[in-house]
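Novice: Knowing the structure of chain A, use the given hints to seat chain B on it.
Protein chains: 2
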Amino acid sequence: MPRGEGKFLIKQRAFLKLYMIRFVEEHKMYGMQAMDELKATFKPFGYEPNHSEIYRSLHELIDDGILVRHKKIQEGAKYKEIVIYQFADYEKAKLYKKQVKTDLDRSMSLLRKALEDVY
Amino acid sequence: MPRGEGKFLIKQRAFLKLYMIRFVEEHKMYGMQAMDELKATFKPFGYEPNHSEIYRSLHELIDDGILVRHKKIQEGAKYKEIVIYQFADYEKAKLYKKQVKTDLDRSMSLLRKALEDVY
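Chains A and B, in that order, are what the protein sequence lines are.
Under my numbering, read the first sequence as residues 1 to 119, first letter to last.
Under my numbering, read the second sequence as residues 120 to 238, first letter to last.
The shape of chain A in the complex, shown without the other chains:
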């Protein structure tokens, strides 16, 4: 759950899980591809998520019953297995997105408050 009593800003883990869900929605969930895309997306913002943090986000989504992991033979390749992620329960994924949006909005408001109060 993304909410917590007394919490400061949204946690990195929830933020990354959100992007993982988005990638699967866009049928882009081919492991390394997601990594590279995430790094490129956040680079202009000075944020570089590390691999272990990204993998932990994926594993949490699997443990939560939101995603499922499949292996398949890569097209055109000889016996080369690749790992893909698909939804185990898309309703759960949508619910998670909704919960995290509350936390994103709350975090934005907290930062905006500081900008107004201090500057």
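Since the hints were derived computationally from the structure, they do not count as laboratory data.
Don't take each hint at face value.
Stated by the list, open to error - A few chain A positions that, by computed beta-carbon distances, are all more than 10 Å from chain B: (1) Q33; (2) I62; (3) E91.
To be verified - Pair by pair, the computed Cβ-Cβ distance ranges are: (4) Y174(B) <-> I62(A): 54 to 64 Å; (5) Y238(B) <-> E75(A): 30 to 40 Å; (6) H170(B) <-> M35(A): 37 to 47 Å.
Don't be surprised by glycine CBs; every beta carbon is placed ideally from N, CA and C.
Specialist: Showing chain B alone in chain A's frame:
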């Protein structure tokens, strides 16, 4: 320094240090008063900084040479000492605020990006 390679959002410590500087600017730096005001300010945002986190922020500002701690006898009270905080170096305080603003703006942009990308 508020910036760091690969960092996610602004750290709680920098955020609190900013508010401590603001309190001193507003001549409100009477220890417990600041605590209560901070808690009341952030309560509508679901954030409740704990006392040790607030004290650590104050101590870091002293270690950084930005604030200085004084003891004084409370007006009207008999031998009752209170602790107040004043600027040791106001130019340093202003520089710190400037640096943290960059980090606040960056954090806002990162959250805004997620709201645009995912929803």
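Novice: If a hint holds in the structure, say so; if it does not, say that too.
Specialist: Results for each hint:
1. Q33: The claim holds: Q33(A) sits with its nearest Cβ about 16 Å from chain B, beyond 10 Å.
2. I62: holds (19 Å)
3. E91: holds (17 Å)
4. Y174(B) <-> I62(A): 54 to 64 Å: Between Y174(B) and I62(A), where Cβ atoms are some 40 Å apart, the hint is violated.
5. Y238(B) <-> E75(A): 30 to 40 Å: Roughly 32 Å apart at Cβ, these two residues keep to the hinted range, so it holds.
6. H170(B) <-> M35(A): 37 to 47 Å: holds (40 Å)
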